[in-house]
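Novice: Next come the chains, spelled out residue by residue.
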Amino acid sequence: MMEKTLKSLMAIVAEEVGNNRVFARKLEDELIKQANDLTKARELEEQISGFNPNVVFKESGEDGLKQALKNRSVAALKQIVARHNLDPSNQLGGRVTRGKIVEIILIAAEKRAKRDAKLFDY
Amino acid sequence: MRIVSVMNMKGGVGKSTSVCMLAEALASQASMRVLVVDLDPQSNASMILCGLDKWSELRESERTLDSYFAQFVHGSEPRRFHEFIAPRVSDIQGEPVVDLVVATPEFRYVERDALDKFIRQGFTIAAVQERLTRLMASAVESVASNYDVVLFDCPPGISLFAEAAITMSEYVVIPTIPDYVSRLGIFAFRRRAVRSMEKRRFTEDNILTLITKYDPNIVLHESEVQSLRSDFKTFDVVIPQNENIARAGEWAETPRSFDQKYGDAAGIVRQFAAEFQEKVGLL
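Chains as they are written, first to last, in the numbering used here: chain A, 1 to 122; chain B, 1001 to 1283.
Worth double-checking, as some hints may not be accurate.
Quick list of the computed label-pair ranges, beta carbon to beta carbon [stated by the list, open to error]:
#1 M2/A <-> V1194/B: 50 to 60 Å
#2 L27/A <-> G1249/B: 31 to 41 Å
#3 I1218/B <-> E62/A: 52 to 62 Å
#4 R1080/B <-> M2/A: 55 to 65 Å
#5 D1179/B <-> K40/A: 46 to 56 Å
#6 R1191/B <-> S49/A: 31 to 41 Å
#7 Q1271/B <-> M2/A: 24 to 34 Å
#8 P1216/B <-> A14/A: 51 to 61 Å
#9 M2/A <-> T1254/B: 25 to 35 Å
#10 G1249/B <-> S49/A: 29 to 39 Å
#11 A11/A <-> Q1029/B: 23 to 33 Å
Simulated from the structure, these hints should not be mistaken for laboratory data.
Beta carbons are placed, not taken as given, at the ideal position from N, Cα and C, and that holds for glycine.
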């Protein structure tokens, strides 16, 4: 059903592109923008996929985690914080620096490592 | 023959569902003979595997786990354990060997009555526990040659019967949802399980965590999966939150194929059974 609907909508869009230059250019600009956004999102995902700061801290300690965070972009660091719920009280706030995000990640990972160590004795 | 308990301190993590999927996959896809012993008074595994009508019939004819143990507690005419087993209960085509000892809500009273009676007689709780474990062990031993796997579906929390099952088990499978609260359930239970299993020289390697109800749309699930894999011995296979798995819980009067029953989750359930066989040495 969805496929059929999309097909008929695309036919209308294609017809309009053929008859309307302004519309065609607008559509092209939007497609380029979407493609760029998708590429950025993929690059970001590559930086954070499979990476868990809690696990890295447990396995390699503070220095190991610092090293692992070193070459990641600010956007990737923000995503890491969000994905692993490392700042539940939103201490980072709106204006964030790279150093502040790294600090938050290190503190949270250390706290969790200590907490889990206690849980093993639970 | 392998004895395996499926347990977690926490409820709602998919224990009964995991037991039923595993039993049906092992029996119908790997031709194994499986006995499921439902230790949970909620009776979910019983209802899933044999349906409400059969469960009611077994309850009325007193062929339930609580009736079996009641004869030792209340002293009725003795019947052997095999009389309590409902054979080939699954609704999967071909009558795979999924046999079942059903639980009923009355099971919780048997445990309470056992404690009451034996403590009045001067037994300690540890002695009552030992006695129940012996009774359970001799029951399973009496039918052991008929099966390749015995699966205990344990209730949430620790009960005397669940403890007995763990003591007898060579492996414990802990289903868990990948979230922090569910992970706490493993920590709480793990030590106790190790202590019970150590009596038979089993170690933490015999405790296997199964990640269940995984939802790829919840980003925190992925984070927790990584933490679980780092902290515990886990199955590689992850059981997703899946509509067909939920639907499979409703017993069908007309037998169906394994693929019809589990739909798009059939492959995952097969993988789970195959990995289980490998991990518990059944290959």
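Novice: Each hint needs a verdict: does it hold in this structure or not?
Specialist: To see whether the hints hold, each was checked on the structure:
1. M2/A <-> V1194/B: 50 to 60 Å: Because 52 Å falls inside the window, the suggested range holds.
2. L27/A <-> G1249/B: 31 to 41 Å: 48 Å, violated
3. I1218/B <-> E62/A: 52 to 62 Å: 29 Å, violated
4. R1080/B <-> M2/A: 55 to 65 Å: For M2/A against R1080/B, whose Cβ atoms are near 59 Å apart, the range 55 to 65 Å holds.
5. D1179/B <-> K40/A: 46 to 56 Å: 30 Å, violated
6. R1191/B <-> S49/A: 31 to 41 Å: 34 Å, holds
7. Q1271/B <-> M2/A: 24 to 34 Å: Cβ of Q1271/B to Cβ of M2/A: about 30 Å, so the range 24 to 34 Å holds.
8. P1216/B <-> A14/A: 51 to 61 Å: 34 Å, violated
9. M2/A <-> T1254/B: 25 to 35 Å: Distance hint for M2/A, T1254/B holds at roughly 32 Å.
10. G1249/B <-> S49/A: 29 to 39 Å: 33 Å, holds
11. A11/A <-> Q1029/B: 23 to 33 Å: 47 Å, violated
When each numbered hint is compared with the structure, violations occur for hints 2, 3, 5, 8 and 11.
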